[in-house]
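> With the hints as your guide, set chain B onto chain A.
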Amino acid sequence: MIAMFLLGVRALGRGRRLLAVGVLLSIPPLLALLYALTAAHPDGHRFVIQLFDNVILPVLLPLTALIFGTSALGSEIEDRTLIYLTLRPVPRLSIALAKWLAAALLTVVLVEASLVLMNLFGTLNDSAGTYVTAGGAVKEQASVLAPILVAGLLGGMAYSAVFLVLGRFAPKRGLLIGLVYVLGWEGLAAGLSTALATFSVDAYALGVLDAALGDSPLATLSASSLGGSVSGIVLVGITVGGVGVAALSLRRIELP
Amino acid sequence: MALPVDPPALAKATIEVEGVSKWYGDKVAVSDLSFTVGPGVTALLGPNGAGKSTTLKMLTGQLRPSQGRVRVLGRPVIDNPSLYRRIGLVPEQEELYPFLSGREFVELAARLHRLPRPRAAARAALATVDLLDAQDRKLRGYSKGMRQRVKIAQALVHDPEILFLDEPLTGADPRQRLALMEVFERMGGAGRTVLISSHILSEVERMGVTVLVIARGKLAAEGDFHQIRALMDEHPRRVRVQSTNSRVLAAALVGMAGTRGLEIDGETLVVETTAALELYHALPRAAQQGGIRLQEITGLDDDLESVFRYLVG
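The listed protein sequences correspond, in order, to chains A and B.
For the first sequence, this note's numbering begins at 1 and goes up steadily by one.
For the second sequence, this note's numbering begins at 1 and goes up steadily by one.
The following block holds chain A by itself, in its conformation from the complex:
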């Protein structure tokens, strides 16, 4: 499986695909830097969470996962190279898992790097250092980095699995279909009601973020109604389910 994983990383992490993701993910750190340098009384943690809630989680994270995820199996099918994996004595689950791992690794590493830079730049001149808890205690504003990294990690894993399946079934139009899904559903429709949000990866990643933020007032910014544990379990479930569906579908695949 290691050989297929390394092949996947090399196939995905090159050329225009990487350039496009690099450009996308440079936006949050640049915005954070701009904010830190221009705001009169910068509240970097709040800005970082808002940017994460409204731009990264619903748009940039899924777009990154879309670019890598749909290509992981989709490009192999389109380029007719999948045969060099499927005609080997390896279980189909290993192929699906290796491809998902490659896509998820690139997605998570690049998004998390962007998050680290965004947090670093955004809190450069932070002036809001403390907050008062519901019990009246004054607390130091903790870094939001760990919560956004955890939410980004679980969200990135789940999105990668969803788009791995999409690339398997729609290798040609996966990117276009995924784009409509990301912008139309994750970025817009799922934000309209709690009921719709239960069908959105974004909502569960927000649930994880809220839980990780604990009693910080910043948790109310995302205001997810889904509990942290449930959200985490659902995201892992989506991931396992996606990889499983991809593996099963590879057993049925025909290579004309």
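No incorrect hints appear here.
Derived DMTMM-like pairs (lysine to aspartate or glutamate); straight-line CA-CA distance at most 20 Å:
no., chain 1, residue 1, chain 2, residue 2
1, B, Lys27, A, Glu254
2, B, Lys138, B, Glu94
3, B, Lys218, B, Glu18
4, B, Lys12, B, Glu185
5, B, Lys144, B, Glu104
6, B, Lys144, B, Glu95
7, A, Lys172, B, Glu95
8, B, Lys144, A, Asp79
9, B, Lys138, A, Asp79
These aren't lab readings, by the way, just hints derived from the structure by calculation.
Every value quoted in this text rests on a predicted model; they were computed, and no experiment measured them.
For chain B alone, coordinates are given in the frame of chain A:
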């Protein structure tokens, strides 16, 4: 006209095909194929679009038959990845991973087969196809012939019991063709099953002792190559020869056994013969004796379309 199957091959069949058909909607790609293949070299012949590739894909589990049954080494090939440990395939398509070197590509195959020494196995396979000099070049820079050879190397790397080859000699130069044909013959001689699909008769003429001829998705002939060849030789074939002196060459060939007719048009001579192979051997001799330089020899109906006209009317 299915010729009798060689009884020893039936006794040791490694590939069994029973009533296999494949259709896509209304289009029938392959219809009711039944045959067995045993150890040795077998050629799967047919013109482009006859159903050879579809058949090979069903034999290797890439396609599910719409009807019928395929067994390889006594086991169903569909959904049976462990069987691939014993099978090698040279696919028809040229697409490879452009960012890998030839060595990395063959090593990948060796690793996926869990060979104990993947580097050494890859090196040996690359040496077999004479690609060691180019092993570190990226596949994107490989010529068509080199791509064919690296595809053969990845199929040989685990020393399979059965080797499927879909048009394996496309793009290879004459020297490489000869060397590769020797490799396949050697494997066949060592008791491996080698099934080669081709639409070029001369390619399999020296290798294919047993042939399966597919035409329009159906098995048109099956059996010993020489029996089928004898059927073909009853029909005259035409060979075009470009030389520096067609008239002298024609005079030398006119009395040759099998010659049915000669047409001269400038420097072009078209010979109609029932003994094409003998003609190919006689031409250089005749040219040398007459002080003539041969420029081009082309079999005008050596292609399998012509063979099928002979075989299926």
